[in-house]
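Chemist: From just these sequences and the hints, can you work out the full model?
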Amino acid sequence: MKLEGRKVIALGERDGVPGEAIASCLASAGADVVFSFTECFV
Amino acid sequence: MGPESQSQIKAVADRFGTDDLVVVLGAADPEALEVAAETVTTGDPAYAGPLAGVSLGLPVVHILEPEVKEQVDPDVYSEQVGLLELTLDTDAVQTAMRKLRHEDGE
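Taken in sequence, the protein lines are chains S and H. Using my numbering, the letters of the first sequence map in sequence onto residues 1 to 42. Using my numbering, the letters of the second sequence map in sequence onto residues 1 to 106.
None of these hints come from the bench; they were simulated from the model. Backbone N, C-alpha and C define an ideal beta-carbon position, used for all residues, glycine too. Hints are not guaranteed to be accurate.
[To be verified] Here are some chain H residues the structure puts well away from chain S; computed CB gaps all over 12 Å: (1) Gly43; (2) Tyr47; (3) Ser55; (4) Asp91; (5) His102; (6) Asp104.
[As the list claims (entries may be wrong)] Pairs of lysine to aspartate or glutamate residues, derived as EDC-like cross-links and limited to a Cα-Cα distance of at most 16 Å, are as follows: (7) H:Lys10 - H:Asp44; (8) H:Lys69 - S:Glu4; (9) S:Lys2 - S:Asp32; (10) H:Lys99 - H:Glu65; (11) H:Lys99 - H:Glu31; (12) H:Lys69 - H:Glu85; (13) S:Lys2 - H:Glu65; (14) S:Lys7 - H:Asp20; (15) S:Lys2 - H:Glu70; (16) H:Lys69 - H:Asp91; (17) S:Lys7 - S:Asp32; (18) S:Lys7 - H:Asp14; (19) H:Lys10 - H:Glu38; (20) H:Lys99 - H:Asp29; (21) S:Lys2 - H:Asp20; (22) S:Lys2 - H:Glu67; (23) H:Lys69 - H:Glu79; (24) S:Lys2 - H:Asp73; (25) H:Lys10 - H:Asp20; (26) S:Lys7 - H:Asp19; (27) H:Lys99 - H:Glu38; (28) S:Lys2 - H:Asp19; (29) H:Lys99 - H:Glu34.
Modeler: Okay, here's the thing in structure tokens:
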């Protein structure tokens, strides 16, 4: 799936990859990060 | 997924529509991935949050999947995800993602 130019939600997780890290990666891929957060799954 | 997060996702979907929207996950636990993916596709499995009964049907991928990684600037990926990629079980994540997208033949 091509991410460039698409609107993306970065749904990170505290014990995995955080939302901010995902958002940085996606921005470099040319995606438009419209919402990013880090969940805490219990 | 918490009600606040669900509320934000719903607001984003309402604002931008679902046609051009993609969800990129970061969780490492297969169960957490399943819950997150289900929430943004068929609705909150716990029937507790704003996305209960709301089928957004959003496409779901994972930051640790090769098809996502290859689109990211290698320097940025290495800086942001490199260490996690080494410590997390990427095989389990990739298997879980294929399974929840029903790409495993089930």
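Chemist: Now look at each hint and say whether the structure bears it out.
Modeler: Comparing the hints with the structure gives:
{"no.": "1", "hint": "Gly43", "verdict": "holds, 15 Å"}
{"no.": "2", "hint": "Tyr47", "verdict": "holds, 18 Å"}
{"no.": "3", "hint": "Ser55", "verdict": "holds, 16 Å"}
{"no.": "4", "hint": "Asp91", "verdict": "holds, 14 Å"}
{"no.": "5", "hint": "His102", "verdict": "holds, 15 Å"}
{"no.": "6", "hint": "Asp104", "verdict": "holds, 18 Å"}
{"no.": "7", "hint": "H:Lys10 - H:Asp44", "verdict": "holds, 11 Å"}
{"no.": "8", "hint": "H:Lys69 - S:Glu4", "verdict": "holds, 13 Å"}
{"no.": "9", "hint": "S:Lys2 - S:Asp32", "verdict": "holds, 12 Å"}
{"no.": "10", "hint": "H:Lys99 - H:Glu65", "verdict": "holds, 13 Å"}
{"no.": "11", "hint": "H:Lys99 - H:Glu31", "verdict": "holds, 12 Å"}
{"no.": "12", "hint": "H:Lys69 - H:Glu85", "verdict": "holds, 11 Å"}
{"no.": "13", "hint": "S:Lys2 - H:Glu65", "verdict": "holds, 13 Å"}
{"no.": "14", "hint": "S:Lys7 - H:Asp20", "verdict": "holds, 6 Å"}
{"no.": "15", "hint": "S:Lys2 - H:Glu70", "verdict": "holds, 10 Å"}
{"no.": "16", "hint": "H:Lys69 - H:Asp91", "verdict": "holds, 14 Å"}
{"no.": "17", "hint": "S:Lys7 - S:Asp32", "verdict": "holds, 5 Å"}
{"no.": "18", "hint": "S:Lys7 - H:Asp14", "verdict": "holds, 13 Å"}
{"no.": "19", "hint": "H:Lys10 - H:Glu38", "verdict": "holds, 14 Å"}
{"no.": "20", "hint": "H:Lys99 - H:Asp29", "verdict": "holds, 13 Å"}
{"no.": "21", "hint": "S:Lys2 - H:Asp20", "verdict": "holds, 11 Å"}
{"no.": "22", "hint": "S:Lys2 - H:Glu67", "verdict": "holds, 9 Å"}
{"no.": "23", "hint": "H:Lys69 - H:Glu79", "verdict": "holds, 13 Å"}
{"no.": "24", "hint": "S:Lys2 - H:Asp73", "verdict": "holds, 14 Å"}
{"no.": "25", "hint": "H:Lys10 - H:Asp20", "verdict": "holds, 14 Å"}
{"no.": "26", "hint": "S:Lys7 - H:Asp19", "verdict": "holds, 9 Å"}
{"no.": "27", "hint": "H:Lys99 - H:Glu38", "verdict": "holds, 12 Å"}
{"no.": "28", "hint": "S:Lys2 - H:Asp19", "verdict": "holds, 14 Å"}
{"no.": "29", "hint": "H:Lys99 - H:Glu34", "verdict": "holds, 9 Å"}
In summary, the structure agrees with every hint in the numbered list given earlier.
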